[in-house]
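Trainee: Chains X and R, in that order, give the protein sequences.
Take 1 as the starting number for the first sequence in the UniProt record's numbering and just add one per residue.
Take 1 as the starting number for the second sequence in the UniProt record's numbering and just add one per residue.
No wet-lab data here; the hints were simulated from the structure.
Every residue, glycine too, gets a C-beta built ideally from N, C-alpha and C.
Among the clues, some could well be false.
[Stated by the list, open to error] Calculated cross-link-like contacts (lysine-lysine; reagent style BS3-like; alpha-carbon spacing at most 27 Å):
#, chain 1, residue 1, chain 2, residue 2
1, X, Lys239, X, Lys190
2, R, Lys246, X, Lys238
3, X, Lys238, R, Lys241
4, R, Lys232, X, Lys239
5, X, Lys211, X, Lys155
6, X, Lys29, R, Lys161
7, R, Lys241, X, Lys239
8, R, Lys246, X, Lys55
9, R, Lys161, X, Lys56
[Said to hold, decoys possible] Cβ-Cβ distance ranges computed for the label pairs, FRET-style:
#, chain 1, residue 1, chain 2, residue 2, range
10, R, Trp191, X, Arg225, 43 to 51 Å
11, X, Asn73, R, Pro8, 30 to 38 Å
12, X, Arg225, R, Gly22, 29 to 37 Å
13, R, Pro8, X, Gly243, 44 to 52 Å
14, X, Ser84, R, Glu247, 33 to 41 Å
15, R, Ser67, X, Ser25, 46 to 54 Å
16, R, Leu162, X, Pro14, 44 to 52 Å
17, R, Arg52, X, Arg114, 32 to 40 Å
18, R, Glu247, X, Pro94, 30 to 38 Å
19, R, Gly22, X, Glu231, 16 to 24 Å
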Amino acid sequence: MAAQTLVLPGEAIPSDILPIPSNPSLALKLGPGLRHVPPSTITSVLAGSLCIDQKKNSIWVENNSGRYIPQPNDLVLAIVHHSSTDWYHCAITPHTTLAQLPQLAFEGATKKTRPQLNSGSLIYARVLSASKHTDPELACCNPSTGKSEGMGELKGGMVFDVSLGMARRLLLARQREEGGLVVLEEIAEKVAFEVAVGRNGKVWVKSGGVKETLLVGRALQETDREGLGVEEQGRLVKKLLRGI
Amino acid sequence: MANITLSPLYRADGSAKYSKAGYSVIAAVSGPIEVQRRDELPEEAAVDIAVRPAAGVGGLRERHLESIIQNTLRRVILVSAHPRSLIQFTLQIVTSPEDGTVTGNLPQAASNLPVLPALLQASILALISTSIPLSMTLTATLVAVNSNDTLIPDPSVQQIKLASSIHVLAFSSHGELLVVESEGDFTMDTWEEVYQKAKLICHGEEEYKGESESEDMSMNSEDVSNLENVLKDAVERKIAKSQRWKESMG
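Just chain R, same shape as in the assembly:
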């Protein structure tokens, strides 16, 4: 079950902590702030992402994640609202499951993807907490496919090791696919299944499937509510807290 805290850091303009499936990420956002001349864009805000691993200094793996996140968030943030400025993200991975580097029968020695959904979720929550204008919100999830074509949402480290392919998908609040990163061997049909499954987890698209069928599918995952509702709940709690003073006015 995802665990969300909005604005845990009081010095940052906005921040969020997101924990799920053994990964825990703190995101801090500063912005809009002054941008260095060389990064300045005349019509748009520059988006700068720094991913920091749980231990050690960042390397190639972090740069790869940063580029994926940056490309995604540029679509989500209304960058034209703050031209010639910078929106700076620091994503600190606080904990990751015991094997930080996941090795297995995947093409690369170590997989970058398992932490990506947590990073994306933490950054969107931090953006909401910063009150930066957004065109939509997003939700992201990880789905693994094992050798006999069974889909495993939110797989454990062991399951990722044995998986034939893993997929990260992110959907906007309008139900559009925003990010898809896949690793391993899979067929197009498998990918279609993964897509439907991920969409259900993120967006809870009930009208697409029959009512009974969608219930069956959500039985597998622990949380019945989809990620979008989880996000909404967290925001609702924060707003309720900040408007507590209104209660006494009646």
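Chain X with its partners taken away, still in its complex shape:
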């Protein structure tokens, strides 16, 4: 797995710790938190732990704070702010420019049958394009297949805030192995619920009753806040389940 060291902004990454590609034509991949200063210096711009993946020939800085910056292909939970003739304008994070969601970017939407979203409704969407010079654009369907793939308006339920790092962990394909998260699996053994995780640090939870929904949300928030390990998560879930 990746090796880790602490870096502070402005530190040059020594060239001898950079991963050595298996094939010399393979370019080194710089992830978030690093900046390439021509000709060949790599400096960190964030404080965090430096992670190096030799196999993927990539290097990045991992940290868990700050505001979400939209990146293409991220799944986010957004709130519809208002709609204009062809677009819904949605808020991904507070006090930033609104993201645009075409009214036809839903499964099966045509000019005649388009979904009616009021301001305040919650949507699960994918970021289609995002760059620092333009407003982000969202879509609620896969543009190549036109299928919703679970995206669209989320009705009922509640939204809980978690840290960005927690959201990243929740979205991992193998939560237990890579992210050290078992809290959702453990709760799922006793309580039925649905979750949608937005990369912008929001988790939507829907369950049979308010009590169960709150239980799932609180368990996630506490796991995040206290940085609970696998066993501690199990204990937390047991404790919470006793309350129902």
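Place chain R on chain X using the hints.
Mentor: Coordinates of chain R only, in the frame set by chain X:
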């Protein structure tokens, strides 16, 4: 000894509390957020600073400090990474030593400078906690020179009153001088001494001086470690806390 807490405020995007030498400052950062049209810069992020005094409303003194901090932070933040946005700082002075306004034989009636190092340190720590891309970190310190040319790092209120000049210096993590603000009567030679002393406090430049000499100098100040290491320690603790869950994975 400096006391640092990273991210004490959970509503802000990033925050930090910094206390040293009787001054305590809480810095909160929001950003990048939407900017008002009149402040918008097409290629860069706008940096907005609000300094709030421990008591009362801000005045000329705070505006002066804000302008110094803003000019400094614009160099430190990679402003081109977030064009047409705003990075907003609120720096609340929580406590200041008993005489808030320091009067003495300085040219101005009241000195603005003693609180400046704490403000700069708090703002850089808050920036780190916000994960805004930075080109470097900075450390700042206050050095007073009394009438018989003795240098006093981190002077008390009384020492500032009796000082013939006071100096605030900030250094980047690369060891470059970023800010220098001086008040009072001093010669260029004195300033050189102050510069060396401040650099030692902030950056711990051992290779410049002889090994034994630098030890002598750091004996005077209470903390042997330089400010840069103090900052690094604080960040390290925060990162360790946020990655606690990884321990159980082995």
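Trainee: Could you grab the alpha-carbon distance between Lys239 of chain X and Lys190 of chain X and see if it respects the 27 Å cut-off?
Mentor: 13 Å, holds
Trainee: Could one say that the CB atoms of Leu162 of chain R and Pro14 of chain X fall in the range 44 to 52 Å?
Mentor: 47 Å, holds
Trainee: CA of Lys161 of chain R to CA of Lys56 of chain X, is that 27 Å or under?
Mentor: Not OK: Lys161 of chain R and Lys56 of chain X at ~61 Å, beyond 27 Å, violated.
Trainee: Given the range 29 to 37 Å, decide if the beta-carbon distance of Arg225 of chain X to Gly22 of chain R lies inside it.
Mentor: For Arg225 of chain X and Gly22 of chain R the Cβ distance comes to about 32 Å; the hint holds.
Trainee: Could you see if the CB distance from Glu247 of chain R to Pro94 of chain X stays within 30 to 38 Å?
Mentor: 33 Å, holds
Trainee: For the pair supplied as a hint, Lys241 of chain R and Lys239 of chain X, is the alpha-carbon distance within the 27 Å limit?
Mentor: Between Lys241 of chain R and Lys239 of chain X the Cα gap is close to 23 Å, so the pair holds against 27 Å.
Trainee: Are the Cα atoms of Lys211 of chain X and Lys155 of chain X separated by 27 Å or less?
Mentor: 17 Å, holds
Trainee: Mind checking the hinted window 33 to 41 Å against the Cβ distance between Ser84 of chain X and Glu247 of chain R?
Mentor: Hint violated: Cβ distance 50 Å, outside 33 to 41 Å.
Trainee: Go ahead and decide if the range 16 to 24 Å is satisfied by the Cβ distance of Gly22 of chain R to Glu231 of chain X.
Mentor: 45 Å, violated
Trainee: A range of 30 to 38 Å was offered for this pair. Does it hold for the Cβ distance of Asn73 of chain X and Pro8 of chain R?
Mentor: 34 Å, holds
Trainee: Within 43 to 51 Å: is that where the Cβ-Cβ distance between Trp191 of chain R and Arg225 of chain X falls?
Mentor: 48 Å, holds
Trainee: Verify the proposed pairing of Lys238 of chain X with Lys241 of chain R, using a straight-line Cα cut of 27 Å.
Mentor: 24 Å, holds
In this structure, the hints that do not hold are numbers 4, 6, 9, 13, 14, 17, 19, in rising order.
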